[in-house]
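Trainee: Sequence lines, in order, name chains A and B. For the working numbering, count along the first sequence from 1 and bump the result up by 1456. For the working numbering, count along the second sequence from 1 and bump the result up by 1456.
Honestly, I wouldn't trust all of these hints.
One copy or two, either will do: identical chains are not told apart, so a pair holds if it fits within one copy or between any two.
List of simulated lysine-lysine pairs, BS3-like, C-alpha gap at most 30 Å [to be verified]:
| no. | residue 1 | residue 2 |
| --- | --- | --- |
| 1 | K1763 | K1657 |
| 2 | K1717 | K1755 |
| 3 | K1657 | K1541 |
| 4 | K1557 | K1673 |
| 5 | K1460 | K1642 |
| 6 | K1763 | K1673 |
| 7 | K1673 | K1642 |
| 8 | K1663 | K1685 |
| 9 | K1685 | K1673 |
| 10 | K1746 | K1673 |
| 11 | K1717 | K1763 |
| 12 | K1478 | K1640 |
| 13 | K1521 | K1642 |
| 14 | K1576 | K1536 |
| 15 | K1460 | K1573 |
| 16 | K1715 | K1763 |
| 17 | K1763 | K1576 |
| 18 | K1763 | K1557 |
| 19 | K1685 | K1640 |
| 20 | K1755 | K1663 |
| 21 | K1573 | K1533 |
| 22 | K1567 | K1744 |
| 23 | K1673 | K1755 |
| 24 | K1755 | K1557 |
| 25 | K1521 | K1536 |
| 26 | K1521 | K1746 |
| 27 | K1536 | K1685 |
Think of the hints as simulated: they come from the structure by calculation, not from any bench.
Number of protein chains: 2
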Amino acid sequence: MSNKLLVVGTMAYDSIETPYGKAENILGGAATYIGLAASNFRINIGIVSVIGEDFNLEYIELITKRKIDLTGVEEIKGGKTFFWKGRYHENLNIRDTIETKLNVLENFVPKVPLNWKTPKILLLGNLHPEVQLSALNQMNERPELIILDSMNFWIDNFRETLDKVINRVDVLCINDEEALELTKQKTLIGAANEIQKYGPKYVIIKKGEHGAMLFNKENIFFAPAFPVKSIKDPTGAGDCFVGSFAGYLMKINKFSFEKMKVGLIYASALASFSVEEFGTQALQSLSKNKIHNRINYLKDLTSFDSKLINFDIL
Amino acid sequence: MSNKLLVVGTMAYDSIETPYGKAENILGGAATYIGLAASNFRINIGIVSVIGEDFNLEYIELITKRKIDLTGVEEIKGGKTFFWKGRYHENLNIRDTIETKLNVLENFVPKVPLNWKTPKILLLGNLHPEVQLSALNQMNERPELIILDSMNFWIDNFRETLDKVINRVDVLCINDEEALELTKQKTLIGAANEIQKYGPKYVIIKKGEHGAMLFNKENIFFAPAFPVKSIKDPTGAGDCFVGSFAGYLMKINKFSFEKMKVGLIYASALASFSVEEFGTQALQSLSKNKIHNRINYLKDLTSFDSKLINFDIL
Chain A
1457 MSNKLLVVGT MAYDSIETPY GKAENILGGA ATYIGLAASN FRINIGIVSV IGEDFNLEYI
1517 ELITKRKIDL TGVEEIKGGK TFFWKGRYHE NLNIRDTIET KLNVLENFVP KVPLNWKTPK
1577 ILLLGNLHPE VQLSALNQMN ERPELIILDS MNFWIDNFRE TLDKVINRVD VLCINDEEAL
1637 ELTKQKTLIG AANEIQKYGP KYVIIKKGEH GAMLFNKENI FFAPAFPVKS IKDPTGAGDC
1697 FVGSFAGYLM KINKFSFEKM KVGLIYASAL ASFSVEEFGT QALQSLSKNK IHNRINYLKD
1757 LTSFDSKLIN FDIL
Chain B
1457 MSNKLLVVGT MAYDSIETPY GKAENILGGA ATYIGLAASN FRINIGIVSV IGEDFNLEYI
1517 ELITKRKIDL TGVEEIKGGK TFFWKGRYHE NLNIRDTIET KLNVLENFVP KVPLNWKTPK
1577 ILLLGNLHPE VQLSALNQMN ERPELIILDS MNFWIDNFRE TLDKVINRVD VLCINDEEAL
1637 ELTKQKTLIG AANEIQKYGP KYVIIKKGEH GAMLFNKENI FFAPAFPVKS IKDPTGAGDC
1697 FVGSFAGYLM KINKFSFEKM KVGLIYASAL ASFSVEEFGT QALQSLSKNK IHNRINYLKD
1757 LTSFDSKLIN FDIL
């Protein structure tokens, strides 16, 4: 097994409108956000995805410059890249999909390159569970850690296939509403317990501006969100979150609950940068200092003098 | 100045309906919840409020048994106690007021007893800002800490008077939506900064199930909510929160930001008990052990090994 993080996910053109601006045909896609976020840890990252012949060469350069291996990205001659157009409401938690053109994604069969069949971490980014399953089946040996990200669209329309994938992963990363929908539970604890019965030993529930939680059988951890002064574009925040989490774990190369906690803190910090600019812009030029400062901020945000906790106060 | 916590607030009969049950004419009111919560710290608490002749003697006993001084509670002969009837939606964050009978509250002029005119902490619970102002004006010397709790109804209808009160307090405790409404800001940080310009040096923003935040000029602290398995009745959770905060501070008798952080943790724990039962039921019989366990749980919920945070990981 090699110290590599393999990411399966979309690469896309996005057109995005938020109350704070708009951008047309910019670089997007789950694998893109994941890769850029994870690359901050200077690890070996490979992407399995598909693009059309129209995919901008500058975008390829931008990604490969971050030492992300794109051998597994298939370019379809004459094909057009997956396109998504969305509009966010004044309440940025609500968005309408204006247009989706699957294009080359429609018949996508992932092809994992030979030298990427034994990654230590496999991250199945948010896309069709059939694609996730196919990539998983191409592994030469089971990765030490398999992380799955998904969303309501796949829960609603491909539940059976999704269940097969969920059953085979170690970590399911999902947002709060989707966790409740997936499990028909009323509380996040209930949902997390239920999901663990489906297979994953670890469950991450993302709550957007309200932080994220990590569960296993014995423990619960809560990571606060960094309180950003203004959100310009929430697109990709979830991808960035799970990508940073995976990137951190690959860097320290240990996958215990204690280490995952810190992974959540890094994920929270990196996702907070992502939403402050349109598309992947913020992720393209983050300094170590900037990230480290935000990590320390998050650490201080929930720290208090635990010696003040005293049975005799009551 | 004496080591006393004076609470100004309502005492009430509540009829409550939630998706998990209903209760008629039970003990309620901000001052009641505040007093019961704060009494867990075994401090001197006095309440200034008003009740009708119909107020159940058992309720009086229940409160005074907790060493809460009710000298400042006026009983109006022939009057009826303030009554509130509300119904919660499936989403417990939304409630409809079905009926409000102000009764004795309508012409209430608070009368602070002589021996309660020099409390170290004055907590102005959620009620008419004119009443809050009148109580504040009856202090013989300025309390070392004045805490104000308010809500949208007073913001919408009595803004001018409310502003006068806000200007004179040290801590404003308010929920997230109300903070944004009060300040016309888009983020909680923006709101907290704005509120500090109005007078309060400290701002507490309650986010319900998403925890609470404490701000002053230099610092921000986030206290997670305790993840309860089921919520039966959210009534009084905010009162319980601010009451516990005040109770903790009175007990340790120091009012720094560092101490307030821990106050928020105790507040979070105690409020979580409150919502697990109808009305004040849970608050009537909490053991030290139960509270202490939840405090430790909250401590662990956000704790991680900060030695794992390392500049060279990036």
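Trainee: Determine for every hint whether it applies to the structure shown.
Mentor: Each hint tested on the structure:
Taking CA atoms no more than 30 Å apart as the test, K1763 paired with K1657 passes between copies only; the shortest distance there is 25 Å, against 33 Å inside one copy. For the homomeric pair K1717 and K1755, the shortest alpha-carbon distances inside one copy (11 Å) and between copies (14 Å) are both at most 30 Å. Within a single copy, K1657 and K1541 get their C-alpha atoms no closer than 35 Å, and across copies no closer than 45 Å, so neither meets the 30 Å cut-off. Taking the closest pair of Cα atoms, K1557 and K1673 never come within 30 Å of each other, the shortest separation being 41 Å inside a single copy and 49 Å across copies.
With identical chains, the CA atoms of K1460 and K1642 are never at most 30 Å apart, being 38 Å at best within one copy and 41 Å at best between copies. For the identical chains of this complex, K1763 and K1673 are neighbours both inside a copy (28 Å) and across copies (25 Å), given an alpha-carbon limit of 30 Å. Only within a single protomer do K1673 and K1642 lie at most 30 Å apart by alpha-carbon distance; the minimum there is 19 Å, versus 38 Å between protomers. Taking CA atoms no more than 30 Å apart as the test, K1663 paired with K1685 passes in both settings, with 18 Å inside one copy and 17 Å between copies.
With identical chains, the CA atoms of K1685 and K1673 are at most 30 Å apart between copies only, with a shortest distance of 15 Å across copies and 36 Å within one. Taking the shortest alpha-carbon separations for K1746 and K1673, only the inter-copy value of 22 Å comes in at or below 30 Å, while the best intra-copy value is 35 Å. Taking the closest pair of Cα atoms, K1717 and K1763 come within 30 Å of each other both inside a single copy (22 Å) and across two copies (12 Å). In this assembly of identical chains, K1478 and K1640 lie within 30 Å of each other by CA distance solely across copies; the values are 24 Å between and 36 Å within a copy.
Taking the shortest Cα distances, K1521 and K1642 never come within 30 Å of each other, neither inside one copy (45 Å) nor across copies (37 Å). In this homomeric assembly, K1576 and K1536 never come within 30 Å of each other (Cα to Cα): the closest approach is 32 Å inside a single copy and 71 Å across copies. With identical chains, the CA atoms of K1460 and K1573 are at most 30 Å apart within one copy only, with a shortest distance of 10 Å there and 69 Å across copies. Taking the shortest alpha-carbon separations for K1715 and K1763, both the intra-copy value of 24 Å and the inter-copy value of 11 Å come in at or below 30 Å.
For the identical chains of this complex, K1763 and K1576 are inter-copy neighbours only, at 24 Å across copies versus 40 Å inside a copy, given an alpha-carbon limit of 30 Å. Taking the shortest Cα distances, K1763 and K1557 never come within 30 Å of each other, neither inside one copy (57 Å) nor across copies (46 Å). Within a single copy, K1685 and K1640 get their C-alpha atoms only as close as 34 Å, which misses the 30 Å cut-off; across copies the closest is 14 Å, which meets it. With identical chains, the CA atoms of K1755 and K1663 are at most 30 Å apart both within one copy (18 Å) and between copies (20 Å).
Proximity of K1573 and K1533 under a CA criterion of 30 Å is satisfied intra-copy only: 25 Å inside one chain copy versus 83 Å between copies. Taking identical chains as interchangeable, the C-alpha atoms of K1567 and K1744 are never at most 30 Å apart, the minima being 34 Å within one chain and 60 Å between chains. Taking the shortest Cα distances, K1673 and K1755 sit within 30 Å of each other both inside one copy (25 Å) and across copies (19 Å). Taking the shortest alpha-carbon separations for K1755 and K1557, neither the intra-copy value of 41 Å nor the inter-copy value of 47 Å comes in at or below 30 Å.
Within a single copy, K1521 and K1536 get their C-alpha atoms as close as 23 Å, which meets the 30 Å cut-off; across copies the closest is 75 Å, which misses it. In this homomeric assembly, K1521 and K1746 come within 30 Å of each other (Cα to Cα) only inside a single copy, at 20 Å, whereas the closest approach across copies is 55 Å. When the C-alpha separation of K1536 and K1685 is checked against a cutoff of 30 Å, the pair qualifies neither within a copy, at 37 Å, nor between copies, at 48 Å.
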